[in-house]
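Chain by chain, the residues:
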Amino acid sequence: MKKSIRIAWLYPDLMSTYGDRGNVIVLERRSSWRGVRADIVPVTLETPVSVLESCGLIFMGGAQDRQQKLAGEDFLKRKGPVVKKMVESNIPALFVCAAYQFVGRYYKPYQGDTIPGAGIFDLTTEHPGDQAKRLIGNVRAEIVNPHVLAGTVIVGFENHGGRTHLGPKMKPLAKVISGNGNNGDDGWEGVIYKNAIGSYFHGPLLPKNPAIADWLLEKALGTLALLNDTLEQKANESVR
Amino acid sequence: MLRDNEGMGLFDRLVVILTKLVSFTSTLLGLGAGETWPGEVALMLRPNIATALSERLSDGVILVAGTNGKTTTSLMVKTILEHIGDSVVHNATGANLINGVVSSFIRNADWLGRVRADVGIFEIDENSLPVILRYMTPKRVILLNLFRDQLDRYGEVDVIVEKWIRALSALPKETVFILNSDDPAVAFIGTSVKGKAVYYGLNDAGKYLSVREHATDSTFCPSCGRRLTYRGVYYSHIGVWKCTGCSFTRPDPTVNRWPSTLPGLYNQYNTLAAVALAKSLGIPESAIKKSLQSFAPAFGRQEEIESAGKTVKLFLSKNPAGFNASLRTVLDMGAKELLFVLNDRIPDGRDVSWIWDVDFETVPPSATVLVSGDRAYDMALRLKYASPAGREPQVFTDLSLAFMHARERNTHEPLYVLATYSAMLEARKILKGRKIL
Chain X
1 MKKSIRIAWL
11 YPDLMSTYGD
21 RGNVIVLERR
31 SSWRGVRADI
41 VPVTLETPVS
51 VLESCGLIFM
61 GGAQDRQQKL
71 AGEDFLKRKG
81 PVVKKMVESN
91 IPALFVCAAY
101 QFVGRYYKPY
111 QGDTIPGAGI
121 FDLTTEHPGD
131 QAKRLIGNVR
141 AEIVNPHVLA
151 GTVIVGFENH
161 GGRTHLGPKM
171 KPLAKVISGN
181 GNNGDDGWEG
191 VIYKNAIGSY
201 FHGPLLPKNP
211 AIADWLLEKA
221 LGTLALLNDT
231 LEQKANESVR
Chain B
1001 MLRDNEGMGL
1011 FDRLVVILTK
1021 LVSFTSTLLG
1031 LGAGETWPGE
1041 VALMLRPNIA
1051 TALSERLSDG
1061 VILVAGTNGK
1071 TTTSLMVKTI
1081 LEHIGDSVVH
1091 NATGANLING
1101 VVSSFIRNAD
1111 WLGRVRADVG
1121 IFEIDENSLP
1131 VILRYMTPKR
1141 VILLNLFRDQ
1151 LDRYGEVDVI
1161 VEKWIRALSA
1171 LPKETVFILN
1181 SDDPAVAFIG
1191 TSVKGKAVYY
1201 GLNDAGKYLS
1211 VREHATDSTF
1221 CPSCGRRLTY
1231 RGVYYSHIGV
1241 WKCTGCSFTR
1251 PDPTVNRWPS
1261 TLPGLYNQYN
1271 TLAAVALAKS
1281 LGIPESAIKK
1291 SLQSFAPAFG
1301 RQEEIESAGK
1311 TVKLFLSKNP
1321 AGFNASLRTV
1331 LDMGAKELLF
1341 VLNDRIPDGR
1351 DVSWIWDVDF
1361 ETVPPSATVL
1371 VSGDRAYDMA
1381 LRLKYASPAG
1391 REPQVFTDLS
1401 LAFMHARERN
1411 THEPLYVLAT
1421 YSAMLEARKI
1431 LKGRKIL
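Residue numbers (the working numbering), protein chains in the order written: chain X, 1 to 240; chain B, 1001 to 1437.
I should point out that these hints are in silico values taken from the structure, not numbers from a laboratory. Be a bit skeptical, because a hint or two may be false.
Straight line, CA to CA, 30 Å or less: simulated DSS-like cross-link-like pairs of lysine-lysine [stated by the list, open to error]:
| # | chain 1 | residue 1 | chain 2 | residue 2 |
| --- | --- | --- | --- | --- |
| 1 | X | K85 | X | K219 |
| 2 | X | K77 | X | K171 |
| 3 | B | K1139 | B | K1163 |
| 4 | B | K1289 | B | K1336 |
| 5 | X | K3 | B | K1432 |
| 6 | B | K1194 | X | K234 |
| 7 | B | K1336 | X | K108 |
| 8 | B | K1196 | B | K1313 |
| 9 | X | K3 | X | K133 |
| 10 | B | K1279 | B | K1173 |
| 11 | X | K234 | B | K1078 |
| 12 | B | K1078 | B | K1336 |
| 13 | B | K1163 | B | K1078 |
| 14 | X | K77 | B | K1313 |
| 15 | B | K1173 | B | K1139 |
| 16 | X | K69 | B | K1173 |
| 17 | X | K2 | X | K194 |
| 18 | B | K1163 | B | K1313 |
| 19 | B | K1196 | B | K1242 |
| 20 | B | K1163 | X | K133 |
| 21 | X | K2 | B | K1313 |
| 22 | X | K169 | X | K133 |
| 23 | B | K1207 | B | K1194 |
| 24 | X | K234 | B | K1173 |
| 25 | X | K234 | X | K84 |
| 26 | X | K69 | B | K1242 |
| 27 | X | K69 | X | K3 |
| 28 | B | K1173 | B | K1242 |
| 29 | B | K1279 | X | K234 |
| 30 | B | K1242 | B | K1336 |
| 31 | B | K1384 | X | K219 |
| 32 | X | K194 | X | K3 |
| 33 | X | K234 | X | K77 |
| 34 | B | K1290 | B | K1163 |
| 35 | B | K1242 | B | K1384 |
| 36 | X | K194 | X | K69 |
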């Protein structure tokens, strides 16, 4: 097991709504409780890509429209290609909410031009029009991929207008039990590709789903000691 | 004294009398008078009744909007105006949609359906501000602040700013705006209105935060979108700011000093807003001072309740900025016993993700921490991860048991309760109700 890890937090000042910070806090604490030193490395507009390349795990969260635009320009041009290379070389990564849409191939709003994505995942998102309802609320889902976690129930809160569909080489993360997930139609939630996960569970995905946190950390660090997750499990079960 | 109500149509008055009668009967039957439904019924019978009613106010309407501080600020304004002899109609806490406003008129009216007040002070929900403006043209608008709050219900801060600007820029030049200079988004609204803008804010470098809190919304220029720099931050994104890109800078606040009778920096701001409003009406400082001397906090806003020998202090804390402000205040007050109550009902917001934006890391390890509420385990988890050692707080799924436990500790320390909206209602019911612990 490695004794330290650098965790890149992409655009913490621009892409951080809905308590996204919870994911970073959980990764940091679950490392330190096992004697692993975790450094949170903020990667924003001015940060050189070499800093990003020095990291062993990546997190990127949600954003408001205006901030997403600012981050978007930088991500498409500079950070995105680097993140793609890192994901391809099996660096673990987590993309939630707006970031999940953003690492796909494109986002098609109901009016205006299609917004290109970073193309890290083969998935596309379309907004079905302003008459379509926004998908908002608690979600429970059962993990299907990766197989080691299959059957684990994950919970979260979704709040999205866009409907996401996965390309042929992409595997869904979980099967929806209640709520909507990727698009409200095919019953899937999230995506997994190599060691990278995308999900519509916005904000603090990891606190109530420590199995995903540990899976990401193990991909970066090697096998980890077990922690007592009784409280995490109770919080998970309290989401209905 | 009864006012002349001839300008109000007979039908309008009949609607007021009718809804008043139903509300009165319902109170007699112990069903409660209702803070919103009498207005809802009146609006159904007479969609434009809000306009007719507001036009009966000789001194017009004052609207108070913003994420945090609406109730306290509007109560302060009411206190000042009543002190100088005005008769005020004011909506009840939380009844801050159009139906709540109309209900307050019905409650205020006499049995002939006539409005008795000279001035209306209404706290207005963020989303309802554009709606209310369709019915009435206020003389004064106080805008306090904009923080992240219940994103599932209100949407993003930027979207609210846009909606507000569209609605407020249509008001005539006679409407005076009382604006917080230290909130960039609120100050930005001042650049697009026709009427005069009066700014209030703090000029006190001694109160700058040494370390920036996390829950910041507006660190980017509302005008050009580039990054803002701060000479100092008072809390969240409230401070002395300027844009690094364009020429947009914090306006110089003309009202920037006033002794606050309530603890907490956010109450300092609420006080400044109320004082700025009073000054804009030409009320002398001596009268303002006198009226605010004995100002009592509003429901669940630093309310103190003695319950079976235990002092309980209640702090309504419903979003990250409000929660951080409450937390800072109670820790400054030396809190040693804390109870956090988190609900996820409609008035609280169904999404509890925001607790991860609150800086619970500031709670000292020596403090006794209890948690409760519908989402008690989410709150417990947040506190576990705030503690480097992973220390877990005590969880009480039943709120009354949490109070019982606190009382049985027998420490003579006050219990500081930070709770979301519906949780606060429940806490008060337990503490004040007949079922005493």
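Worksheet item: Do the alpha carbons of K1279 (chain B) and K1173 (chain B) lie within 30 Å of each other, as the hint requires?
Response: Satisfied, since the Cα-Cα distance of roughly 19 Å is no more than 30 Å.
Discussion item. Holds or violated: K234 (chain X) and K84 (chain X), Cα atoms, limit 30 Å.
Written reply: violated (36 Å)
Fill in: Distance restraint between K69 (chain X) and K1242 (chain B), which requires alpha-carbon spacing of 30 Å or less
holds (21 Å)
Worksheet item: Is the straight-line distance between the alpha-carbon of K3 (chain X) and that of K1432 (chain B) 30 Å or less?
Response: Roughly 54 Å separates the two Cα atoms, so the pair is violated.
Worksheet entry | Distance restraint between K1290 (chain B) and K1163 (chain B), which requires alpha-carbon spacing of 30 Å or less | At roughly 38 Å apart (the allowed maximum being 30 Å), K1163 (chain B) and K1290 (chain B) break the hint.
Worksheet entry | Given hint K133 (chain X) paired with K1163 (chain B) - CA-CA distance at most 30 Å | holds (20 Å)
Discussion item. Hint check: K1196 (chain B) vs K1313 (chain B), CA-CA at most 30 Å. Holds or violated?
Written reply: violated (40 Å)
Item to complete: Sort out whether K1173 (chain B) lies within 30 Å of K69 (chain X), counting only the CA atoms.
Response: Distance ~35 Å between K69 (chain X) and K1173 (chain B) Cα, so the pair is violated.
Worksheet item: Can the restraint linking K77 (chain X) and K1313 (chain B) be considered satisfied, given a maximum Cα separation of 30 Å?
Response: Violated - the C-alpha atoms of K1313 (chain B) and K77 (chain X) are around 52 Å apart, more than 30 Å.
Discussion item. Can you confirm whether the C-alpha distance between K194 (chain X) and K69 (chain X) stays at or below 30 Å?
Written reply: With Cα atoms ~28 Å apart, K194 (chain X) and K69 (chain X) stay inside 30 Å; holds.
Discussion item. For K1289 (chain B) and K1336 (chain B), compute the direct alpha-carbon distance and say whether it is at most 30 Å.
Written reply: At roughly 33 Å apart (the allowed maximum being 30 Å), K1336 (chain B) and K1289 (chain B) break the hint.
Worksheet item: Is it true that the CA of K2 (chain X) sits at most 30 Å from the CA of K194 (chain X)?
Response: Within the cut-off at roughly 20 Å; holds.
Violated hints, listed in ascending order, are 4, 5, 6, 7, 8, 9, 11, 12, 14, 16, 18, 21, 23, 24, 25, 27, 29, 30, 33, 34, 35; each of the other numbered hints is respected by the structure.
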